[in-house]
Amino acid sequence: MANSNNNRRKFMATTLQSVGLTALGGLLWSGYSDEVKASPLVLRPPGALPEDDFLKACIKCGLCAEACENRDSNKNKDGSKRPGTLQMAKGGDHKMIGTPFFIPTDVPCFMCDDVPCVPVCPSGALDMPSLLNKEEELDINKSRMGLAVVHKESCIAFWGIQCDACYRACPLLDEAITLKYQKNERTGKHAFLLPVVQSDICTGCGLCEKACVTEKPAIFVLPTEHSTGRAGDHYVKGWDKKDQERVGNAKEIKTKNERSEKEASDYLNMEVDY
Amino acid sequence: MKNIKYLLLRRVTQFTILFLYFGANAYGWHMLEGTFGASRLFGLIPLADPYTVVQVLASGFILGADVLLGALIITVFYMVVGGRAFCSWVCPINMVTDLANWLRRKLKLDKEEVNYRFLKRRTRYWIMVLGIIVSAVVGVAAFEVLSPITIMQRGIVFGFGAGISVIIAIFLFDLFGVRNGWCGHLCPLGAAYSLIGSKSIIRVEHDHTNCTNCMDCKVVCPENQVLYMINKESISVTDGECTNCGRCVDVCNDDALGFSIRSFTK
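Protein chains in written order, with our numbering: chain A, 1 to 274; chain F, 1 to 266.
These aren't lab readings, by the way, just hints derived from the structure by calculation. Each hint should be verified, as a subset may be incorrect.
Beta-carbon label-pair distances, calculated as ranges [stated by the list, open to error]: (1) R82(A) / A162(F): 20 to 28 angstroms; (2) Q162(A) / A162(F): 41 to 49 angstroms; (3) L9(F) / P50(A): 42 to 50 angstroms; (4) P119(A) / F15(F): 27 to 35 angstroms; (5) L9(F) / R168(A): 52 to 60 angstroms; (6) L107(F) / S73(A): 51 to 59 angstroms.
Stretch by stretch, here's where chain A covers chain F in the computed footprint (C-beta under 8 angstroms, at least three residues) [unchecked claim]: (7) 30–38; (8) 143–157.
Idealized CB from N, CA, C, for every residue including glycine.
Just need the whole structure built from these sequences, with the hints factored in.
Right, dumping it as structure tokens:
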């Protein structure tokens, strides 16, 4: 009897230890996986799902990078082979290992007409339907890899120097980047030619960033999630009936302070002597 | 020559497969494109790693039909034909751990059998299940985040970077740490293929009437628990943990071991 008790105790202890160690392993593993997931400032190939879904879906096969690498057009001017745009994250890149990404200052996306990288994706991480136009054809202009932003303090066009490198480099010339003419009040007799990114058209290909002449590019692509804000349902555009419709489904928002019973015009003139 | 026949065949197979994958990126070949996670054979037939697919599904993403079909093709192939052959005929880590094992024997690092309390050969099945659970909890294929197998394969195809350290770590672990530590105790992919391939038809068969009990096969076998029948019974090695590497067949000088088609009548 005592022996069977001992055995049972031993069995319980071993089970408990196994379960405990499994839990320990699971926690470490989860923590590590969750940490490596968090590398949000990374540019993905065209058609990529939102980052969180992309990381789930990407099976890390590299077919997109291989399709990108083996373009006949990947040649320098002297005919030598040029590397493709897409790289596969390796250890040390500080991005989710094995996932495709690109760095515009290394090689930007050249927005191939036939979009070779997307149809080869077997898992659906690169979402082909999102790039189809009305004729059901692949349309690279529909991709949103990121959104270019201009840092106007370092952009020399804002200094009054005539530079339209990014404007000229943009594959959607005069659409995704437009030039805004403005009088240079400082000199009084010159004009600014200021680059303005049109965020509804910019694909985030990064050709502008690559072309930028400043030491560190003054125009650069960030993942759209990181280069955009959101006004939310609190605000509508004035004198715009259509924008009213946008907030038609807005949830009721309760104010914390009690609403004043007074007319706006009343309290604005309160306690003022004329 | 006789006693390295299957070893040579395996190395040729491994190098050929890796070279085809390498060529797909470097030269634009369409023989075998992608990586183990998902590949395309001859630019047409999808292939995919079943364990990876299960992890992705667990993370909450419904994969494309190509990948699901690919995983089915691979599963059926190893289930019916190959057994756990992926581990010894395809996986590049096998070359690393085989080297570690060979060095271990040459350096005589295994004076006595060590019994690790919480590192058993069945640990890998726990890790396999845990990988699926962690995938579901974190929302990302958990083993693919650190798998030395795909890190090494992508290293060969796209460049290693700091990923080489993972391969070195596996080598050191198997050489100075636990014998057959990675492939035989930890690797969840190996565990998955052990389960998938446990009923396959290609099997090593033992003929105990020829056996001289020299135990060379058990020394060289990376999963030598599957060779329990040596010099006892004339039966097939039916344990799914056998990788069909054929080293036992190679080293046997008494014609007591050989590949055969599994007999289902016994």
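(request) Would you pick out the hints that fail for this structure and give their numbers low to high? (result) Violated: none.
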